[in-house]
Structures are given as structure tokens and as C-alpha cells.
Amino acid sequence: MTNFTKVPQQVEEVLERQPDASRRDFLKKSGFLVVSFSAAAMGHSLLLAPAAGAQAAAASPPAGPYPDPDFRQLDSWIVIHQDNTATFYVGKTDGGQGTGTAFRQIMSDELDIPFEKTSLIMGATDITVDQGGSGGSDALETDGWPMRRVAAEARRVLLEMASQRFGVPVDQLAVSGGVITVKADPSRNVTYGELIGGKRFNVTLTGNNINATTGKAPIKPVQELKIVGQSPQRYDIPPKVDGSLHWAVDAKAPGMVHARNVRPPWAGAKLVSIDESSVRHLPGFIKVVSKGNYVAVVCEREEQAIRAARQLKVQWQKPAAAAFPGSEDLFRYMRNAKPTSVVRARSGQPQELVGDPDGAMAKAAKVIEAAYDYPFQGHTALGPAHAMADPSDGQMTIWSNDMKAYGLRTGVAAFLGMARDRVRVIWQEGPQLYGRTAADDAGFEAAYLAKEIGRPVRMQWMRHEETAWDVKGPAFTFNLRGGLDAQGNLIALEYHARTADYGHIGYNEPDTVLIAQLMGRRPAQPEPGGASGPSEMYYIPNRRTVTEVVSMPLVWESPLRTGNLRDPNGPQTTFAGESFIDELAAAANADPVEFRLRLLEASSEDDERFTRARSIAVIKAAAEAYGWDRRPSPKPRAAGTILTGRGIAYCYRRFTVVAEIAEVEVNRDTGHVWVKRLVCAHDCGLAVNPEALRRTIEGNLLHGLSRALYEEVQFDNEKVTSVDWITHPTLRHSDCPERIDVVLVNGDPNPNRPDLPHYGAGEAAIKPTVAAVANAIFDATGVRLRRVPFRDQRVRAALQSARA
Amino acid sequence: MSQITLQVNGKRHALEIDPGTPLLYVLRNDLGLRGPRFGCGLGQCGSCTVILRGAAVRSCVTPVSSAQGAEITTLEGLAQNGKLHPVQQAWIEEQVPQCGFCQNGQIMTAKALLDRNPNPSDAEIRKGMDGTLCRCMTYYRIQAAIKRAAQLMAAAREAADREVVA
Chain A
0 MTNFTKVPQQ
10 VEEVLERQPD
20 ASRRDFLKKS
30 GFLVVSFSAA
40 AMGHSLLLAP
50 AAGAQAAAAS
60 PPAGPYPDPD
70 FRQLDSWIVI
80 HQDNTATFYV
90 GKTDGGQGTG
100 TAFRQIMSDE
110 LDIPFEKTSL
120 IMGATDITVD
130 QGGSGGSDAL
140 ETDGWPMRRV
150 AAEARRVLLE
160 MASQRFGVPV
170 DQLAVSGGVI
180 TVKADPSRNV
190 TYGELIGGKR
200 FNVTLTGNNI
210 NATTGKAPIK
220 PVQELKIVGQ
230 SPQRYDIPPK
240 VDGSLHWAVD
250 AKAPGMVHAR
260 NVRPPWAGAK
270 LVSIDESSVR
280 HLPGFIKVVS
290 KGNYVAVVCE
300 REEQAIRAAR
310 QLKVQWQKPA
320 AAAFPGSEDL
330 FRYMRNAKPT
340 SVVRARSGQP
350 QELVGDPDGA
360 MAKAAKVIEA
370 AYDYPFQGHT
380 ALGPAHAMAD
390 PSDGQMTIWS
400 NDMKAYGLRT
410 GVAAFLGMAR
420 DRVRVIWQEG
430 PQLYGRTAAD
440 DAGFEAAYLA
450 KEIGRPVRMQ
460 WMRHEETAWD
470 VKGPAFTFNL
480 RGGLDAQGNL
490 IALEYHARTA
500 DYGHIGYNEP
510 DTVLIAQLMG
520 RRPAQPEPGG
530 ASGPSEMYYI
540 PNRRTVTEVV
550 SMPLVWESPL
560 RTGNLRDPNG
570 PQTTFAGESF
580 IDELAAAANA
590 DPVEFRLRLL
600 EASSEDDERF
610 TRARSIAVIK
620 AAAEAYGWDR
630 RPSPKPRAAG
640 TILTGRGIAY
650 CYRRFTVVAE
660 IAEVEVNRDT
670 GHVWVKRLVC
680 AHDCGLAVNP
690 EALRRTIEGN
700 LLHGLSRALY
710 EEVQFDNEKV
720 TSVDWITHPT
730 LRHSDCPERI
740 DVVLVNGDPN
750 PNRPDLPHYG
760 AGEAAIKPTV
770 AAVANAIFDA
780 TGVRLRRVPF
790 RDQRVRAALQ
800 SARA
Chain B
0 MSQITLQVNG
10 KRHALEIDPG
20 TPLLYVLRND
30 LGLRGPRFGC
40 GLGQCGSCTV
50 ILRGAAVRSC
60 VTPVSSAQGA
70 EITTLEGLAQ
80 NGKLHPVQQA
90 WIEEQVPQCG
100 FCQNGQIMTA
110 KALLDRNPNP
120 SDAEIRKGMD
130 GTLCRCMTYY
140 RIQAAIKRAA
150 QLMAAAREAA
160 DREVVA
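The listed protein sequences correspond, in order, to chains A and B.
All the letters of the first sequence, read from the start, carry residue numbers 0 to 803 under numbering that gives the first Met the number 0.
All the letters of the second sequence, read from the start, carry residue numbers 0 to 165 under numbering that gives the first Met the number 0.
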């Protein structure tokens with residue numbers, strides 16, 4: 000049972016305000032909290048009304064402390080209200096992929112209550128259990144399971160209560176739509192609200208950790224799920240469309256002031272002096288705050304802070320050594336660098352070794368080699384980093400779009416030296432998380448400044464700052480070598496990757512977020528970094544797979560700090576792996592689909608998730624949906640300016656398997672590539688909300704397309720020069736394919752199994768897109784692009800040099 | 000500081016403010032509107048878009064003084080008498096947004112586009128929307144929603160015409 004000291008204080012206050020004296024007395028006597036009113040009464044802007052999906056307005060935060068809700072209490076997860084509606088409290092956040100809607104679906108289904116009669120609160124550290132927030136596309140794959148189990152447990156407890164009320168065994172009761180009926184006499188019925196509305200379950204759950212949380216009730220077999228598999232509209236969309244949503248950018252508090260950062264003009268520069276008189280006279284000026292190389296300006300109004308940050312005269316000392324090679328020299332640097340480490344393979348060995356690759360290569364009828372390069376890519380969120388922190392009452396409340404709100408709370412508490420239960424984070428919607436807000440720089444900065452100033456502070460980065468200084472997906476170089484026998488079978492494959500991932504930053508760690516680095520606070524050792532090899536199920540009897548990590552000259556305080564960008568290494572490794580498979584298919588004069596199927600079907604060994612069978616299923620499904628005509632690439636050369644072609648790539652990401660086909664038009668004169676059509680066959684197991692899933696996949700595909708065609712962080716020896724949407728181009732409306740086909744596949748050998756799992760779907764589809772586009776360009780032009788991105792100039796140059 | 004009068008979503012507001020202040024900050028911080036949002040401050044991305052004198056403009060690079068006296072419509076002002084604008088309706092039916100941060104700009108730009116050109120071709124949609132960026136890459140659904148909105152608006156015009164005739 001929950002210890003009373005763990006009851007959030009504000010819930011006590013809510014109880015004091017309850018008009019129903021008898022209920023209050025009951026609750027007081029019982030000594031436990033009811034959280035059913037807490038969200039609305041506490042002014043959390045996260046409460047979504049059951050039917051309308053409207054959000055309540057944010058109000059001033061009540062004083063703490065803010066202890067952790069106990070995940071072993073059923074009441075921490077589910078509250079049934081007297082009007083027979085339910086509110087679910089989960090420890091996740093939604094990046095706009097509709098996971099919140101999916102959570103409501105799975106929990107409603109297990110609880111047996113209509114979807115429309117439920118609401119969901121997530122990401123508020125003081126009233127939702129800590130499921131870690133978002134990351135790794137684990138929303139349904141991992142965190143969905145305890146949600147289902149606790150909802151099933153609530154249903155079980157309600158049935159027992161009804162059994163006692165009617166004096167009828169549970170197996171003689173029926174439950175539907177939140178109403179329990181005596182089977183033999185349907186006139187005898189009771190709603191969930193009548194049984195427990197506004198009261199506690201007082202049921203203790205078990206489980207060593209939050210992912211293992213469970214009650215006694217089993218979850219339903221897939222065949223009995225009614226709401227899962229339907230596509231209710233996402234509840235977050237109407238308020239996003241009518242302007243009523245309260246975003247994290249909208250957070251306000253009485254007395255709030257505005258802050259902007261002043262970044263070093265050169266990576267690794269040291270602060271020498273600040274001339275505060277350069278801004279002291281400006282209207283609204285409050286303070287320049289600086290520590291180490293961290294500098295921020297605080298003003299009364301937002302535009303005043305922007306102006307003051309621009310005008311502040313700061314003297315910086317340029318570092319003696321170059322911070323990094325220029326982006327044009329990056330891959331040469333990486334290939335020549337001494338690795339900081341070799342990534343240990345799953346076996347614990349520094350390389351993954353299968354068979355005898357050297358011996359097989361020596362016997363091969365044909366050996367081909369290729370090198371690929373993949374640049375640093377940024378998140379470049381449409382809205383720069385932002386947060387608001389309120390230090391009232393000796394507490395710290397942070398309104399943030401941090402996808403890992405729980406980690407932000409812990410990190411900020413450590414950073415500021417505050418007790419953890421004095422800090423809370425209220426997650427609100429924001430621009431594209433995709434890994435960026437797992438290290439919520441602005442949240443730390445706002446909290447630091449709020450503590451310094453003693454007033455609520457809103458921090459927002461500027462465009463140039465976000466594009467240059469956000470966390471980056473690491474650059475890679477690859478060298479691949481493959482051996483084919485006389486029949487065109489792939490008998491040996493060597494894969495050698497290098498990733499510039501040294502110092503990969505963690506999640507909201509108080510010594511790796513940017514403000515900490517600039518202040519000189521850092522861990523004893525940088526993270527070693529790393530990546531796994533390509534994720535495919537090809538049967539290749541002899542293989543060597545090696546991944547090494549290299550470091551840039553400047554490790555700390557660098558705008559090239561690496562972090563997690565939507566599938567952190569997948570687009571890179573799959574670009575190399577699946578481009579090379581295509582090169583081998585071409586060398587074997589084989590159709591690219593057939594060549595891949597042959598490699599998959601060469602073995603019948605499968606894993607417990609049936610990844611091989613499902614790999615074969617998605618490739619076949621993609622080829623069929625596209626109308627793939629079997630022939631080797633490249634296509635016979637055509638006349639005219641526009642060349643067309645198609646390419647396939649496939650991979651898995653954790654347990655989700657995808658195959659994609661891109662159809663391209665390449666302008667021979669300009670080098671411009673238009674991906675006219677995309678097909679994605681996608682197997683993520685049980686699809687909870689197919690329509691929301693389709694849209695997530697579509698966006699993910701185009702995110703991959705943007706990274707294939709445009710995105711690259713450019714820099715000289717001392718600074719990042721990609722600073723806005725001109726110097727860092729992105730996919731636009733005119734680049735959109737005219738047709739996208741998403742095929743949802745269930746390739747499980749027993750597709751009707753009652754325990755069909757729901758796997759992650761937020762990242763898998765971005766993984767093979769770059770390779771599919773490269774393979775399509777090769778099919779169209781006969782020219783192999785081995786360096787990302789495929790901007791016009793680079794494609795034109797490649798076409799010209801092939802012609803020469 | 001100057002006295003500036005703004006007409007926003009049908010309401011008049013008198014403000015004492017630096018006339019060079021970008022309209023975006025006045026709308027957000029003084030008038031408490033949440034539709035237009037800061038994306039770049041450079042007029043490059045569109046997330047701050049409002050409709051000013053019938054045209055979609057980037058409020059992050061529009062001095063508040065230049066909006067003096069003109070009618071400004073923000074996302075919050077599109078719905079009329081509690082009924083969503085057909086563009087908003089189409090956005091919901093098509094389930095367009097992912098994170099949704101850019102969608103203010105997408106919706107306002109599409110609204111202005113359809114006001115100019117009630118039946119745009121695919122090429123006209125791509126061209127008209129090209130400067131409005133989405134980093135969740137919802138372009139495919141946005142373009143479908145614009146076509147749907149054009150149909151909804153045509154149907155509404157026809158219904159209105161019938162009413163007039165009747």
C-alpha cells in the first residue's frame with residue numbers, strides 16, 4: 000500500500016476543497032488519496048476531457064514536495080469517476096505519433112470501457128508514474144504491457160465488487176461498456192462509476208520494476224480486443240488545429256521574464272570578459288548571467304532579451320587548435336583517425352565473426368569493394384529548444400516538451416543541488432522530439448536561470464543556435480567487401496564501419512547537457528559511443544563485422560556533440576549495408592528483390608520473433624504493392640532528360656521489420672532527384688491504431704527522404720555553418736512524393752496467435768529510406784551514389800563524371 | 000514607445016509598445032494568442048504565419064507598426080460561430096498533424112491559398128505551400144487535406160447559393 004507520506008500534498012488540498020463532506024470524511028478516515036480530481040483541480044494543463052479532448056488551462060503550481068507516485072498502486076494508474084468515465088495516468092509522452100491515443104485504446108479495451116469515456120494524462124512527474132517518458136519507440140512495445148495489465152486488473156477488481164454486490168459469482172456476470180450485468184437477469188446491473196466512482200481501488204500490484212507491474216488478472220487475447228485495431232481519431236489533433244492547445248512554448252507564470260543564450264562564436268572558445276554596459280541601458284534589461292563559458296541575458300520582455308543577447312559585447316578567446324576538420328574533409332579525417340574504441344559485438348568480441356571470411360574471399364569468383372560516407376545530421380527541430388521554470392516556494396516546476404520528463408526532473412535536481420522531490424516537470428506538447436528533447440538543454444538552462452534570478456524564467460533558443468548547437472546524429476564511414484561465387488551467390492561479406500560518436504551524450508545528465516559542458520562540469524570519461532552493424536537476416540556463410548568509434552579533436556563544448564536522432568545509427572548503417580547488397584546483386588546480374596529473398600531463404604533458422612519469416616513477408620509485400628518487375632539493375636539506359644528507376648531496401652529495427660521501395664525521377668541535366676513514389680511494407684506486429692500508424696510511417700518515410708536528399712551539418716574548422724533553413728535545407732512540399740503506399744503486414748507464421756505483440760513503430764521506417772533512394776538512383780542512372788545527401792550538385796557531378 | 004491599435008480576430012487592442020517589435024511577440028505575449036509560434040525569426044519556415052490584409056504573412060519579421068489598423072486573423076480566429084473553418088475540418092478528417100508545431104503555418108497558408116485560388120492543382124498546391132516547412136514531414140497529408148478543404152468549401156458555396164435561390 001502507498002505510504003501516506005508519498006501522497007502528493009496537492010491531492011490533500013484537493014480533498015479539502017471537495018464539496019462532498021461525507022466522501023471527504025471517508026477518504027480522510029481511509030487515510031488515502033483520491034487522485035480523480037487532482038489533475039483538473041491542480042491546474043495541470045494536461046488533463047484531456049473525456050469526450051471533447053479540450054485541455055484545461057495551466058494555473059500556478061501548488062507548492063511541493065512532489066514525491067513519486069507509487070507504480071505498485073492501481074490508483075496511480077487508473078481512476079474511475081462517478082459519471083462512469085475513467086482517467087488513465089501513464090509515464091509516457093507523445094511526440095505526435097498518436098501514442099497517447101493508442102494508450103487509451105489498449106487500456107480502454109482491457110478495462111472494458113468505451114474509448115470516448117476515457118482520458119489520459121502523461122508526463123507530469125508528480126502525478127504520473129515514471130515510465131521514463133519516450134524513447135526507442137518503446138511506447139507500445141515495452142510500456143504498453145503494464146498499461147494493459149493494470150487496466151485488466153481494474154476490470155477484475157470491479158467484477159469482484161459487482162459479484163459481492165449481487166451475490167453472484169464472477170463467471171455469471173457480463174461486462175460491457177463499463178456496465179456489469181448479471182447474465183441471468185440483465186435488469187440487475189451496475190456501472191463502474193456506481194461501484195467505485197471517485198474512490199480508491201486500494202489494490203497493490205506486484206512487479207520488481209515498472210515494466211513488470213501486474214495484478215492478478217490476465218490480459219485479453221487479441222481476438223477479444225475490440226478497440227485495438229480500430230482507428231479512433233487522435234484526441235490531440237483538434238486542439239492542434241483550432242489553436243486551443245497549450246504547448247510548452249505557451250507556458251507563463253506571474254512575474255515571468257525572458258532569457259536568451261549567448262553562445263561562443265567558435266567551438267571551444269573561452270570566455271574572457273563581458274561588457275555588461277553594452278546592454279545595461281536597454282529597455283527591460285535585468286541581468287547577464289554567466290558561469291564558465293555559459294552566458295545568458297535575462298530581460299522583462301522576449302524581444303528585449305533577443306536584442307540584448309545580440310548586442311551584448313563578449314570577448315572570447317579562440318582555441319589554439321582546430322575544433323574539427325571542415326565538413327568537406329570529415330571523411331578523410333575519420334578514415335585516418337586512430338579509433339577510440341572498437342564496439343564489442345554481441346558475443347563480447349571486438350568483431351563479429353562468422354565462418355572464414357578471408358578464406359572464402361580468396362576463393363570467390365568475384366570480389367567487389369565499396370566505400371560509403373554519411374555526414375553528421377541534425378535534428379533541426381522546427382521550433383528551437385524552450386522551457387519555462389518557476390522557482391516559487393523554494394520548489395522548481397519546469398514546463399517542458401522534454402520527451403523524458405522524468406529524467407529532466409532527476410537531472411535538474413542534481414544540477415541545481417535540490418532534493419528530487421522539490422522538482423517537478425510538467426510535459427507539454429512541443430516540436431518533434433525524435434531524440435532531441437531527451438537532453439533538454441533549455442529545461443536545465445531555464446531552471447538554472449530561475450534559481451539565479453528568483454523569478455520564473457522562460458528560455459528559448461534562436462534558430463541559428465538550434466541548427467548549429469542541437470545534438471547530432473553521428474557521421475559514419477564504411478568500407479565493404481563482398482565475394483560472389485561463380486553462380487552469383489554471396490559467400491563472404493566484410494563490413495567495416497567508423498562512427499564519429501565518441502562522447503555521445505546521455506539523457507538529461509547533469510554533466511553532459513550543454514549548459515553543464517559550458518560551465519566546465521563534465522563526467523570523468525566521455526561515453527565511448529558506438530553502433531551495431533546492419534540489421535538484416537541474410538544468410539551469408541562467412542562474415543566479418545567491425546565497428547570502430549573515432550573522436551573529433553574537440554570533445555566537450557562542441558556543436559558536433561552526438562546524441563540520439565530518430566533511429567540513432569539505422570539510416571547510416573542501412574544506407575551502407577543495403578546499398579552494398581544492391582551492388583552485389585548488380586554484380587551478380589540478379590534482380591535486387593530476388594537477390595535479397597535468396598539470401599533470406601538460404602536459411603530456415605529463425606529467432607523467437609520470427610524475424611526471418613517476417614523479413615521475407617515484408618519484401619514480398621512491398622514488391623507486390625509496388626508492382627515490381629523482376630530484372631537486374633541498372634535499367635537499360637533511356638534517352639531524354641528525366642531518368643526513372645526503382646530501388647528496394649530492407650531492415651529490421653528491434654522487432655519491427657520493414658521493406659521500402661522508392662521510385663525516382665532523376666534530372667540528368669540538373670541532378671535533381673524527385674522521389675515520385677514510396678512503398679513501405681511494415682510489420683510491427685499488432686497495429687493498435689492502423690490509421691495513426693500509417694501517418695506515422697508516412698512522416699517517418701519523408702523524414703528519411705529529407706535526410707537522403709538534403710540534410711547535412713556543414714562546418715569549417717571552428718564552427719558549424721549550417722544555421723538556418725537556407726544553409727541547412729530540408730524536404731519541402733514540392734519534394735513530396737505523389738504517391739505513398741503503406742502496407743501493414745502481419746508476417747507472423749501464426750498470424751492469429753492470441754498473444755500477437757505490438758512492436759515499436761516510431762523509427763523503423765526511416766531506416767531503409769536512404770538506401771532505397773540510393774538504389775533507385777542507381778537503377779535509373781547506372782551511377783552509384785556513395786555519399787549522403789544526394790543534393791542536386793552532387794548528383795549532377797556524379798552523373799557527369801560517369802559520362803566522362 | 001508608441002500607441003498601437005491592433006484589430007485581431009475581430010477584437011480591438013490598444014497597446015503602448017515599441018513600434019519595431021515583431022508582431023509575433025505582441026500576439027503571443029501581450030494578447031495571449033497561441034496559434035502563431037516562433038520557428039526561425041527569419042521568415043523562412045512559416046510557423047508564425049497570420050493572415051494580414053487577406054495575405055499569409057510571417058509575423059516574426061513583421062513590425063507591429065505595419066499591422067496598425069489592419070485586420071489580423073490568427074489560427075484562433077478561423078472558426079466562425081463555433082464552427083471550424085473547412086480547412087481545419089479537412090485537417091481533422093485527414094488526421095494531418097504529427098507533433099503539430101508547424102500546422103498553424105500550414106493551415107493559415109493553405110487558407111490564404113484557397114481564398115486566392117479555390118480549386119488549386121497539385122502543382123499549385125506544392126508551389127503555394129513550398130515555403131511552409133514541416134519537420135515531421137506531414138506534407139503528403141497536408142496536400143490531401145488542402146484538396147479536401149477545397150471540396151468542402153465548394154460544397155459550402157453551393158449550399159449557400161441554393162439558400163439564396165430558395
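To be clear, the hints were calculated from the coordinates, so they are not data collected in a lab.
Model, not experiment: these values are computed from the prediction.
Worth double-checking, as some hints may not be accurate.
Stated by the list, open to error - Dumping the calculated DSBU-like pairs for lysine-lysine here, alpha-carbon to alpha-carbon at most 30 Å: (1) A:Lys-116 - B:Lys-10; (2) A:Lys-675 - B:Lys-146; (3) A:Lys-269 - A:Lys-251; (4) A:Lys-251 - B:Lys-10.
Ascending list of hint numbers which this structure does not respect:
1, 3
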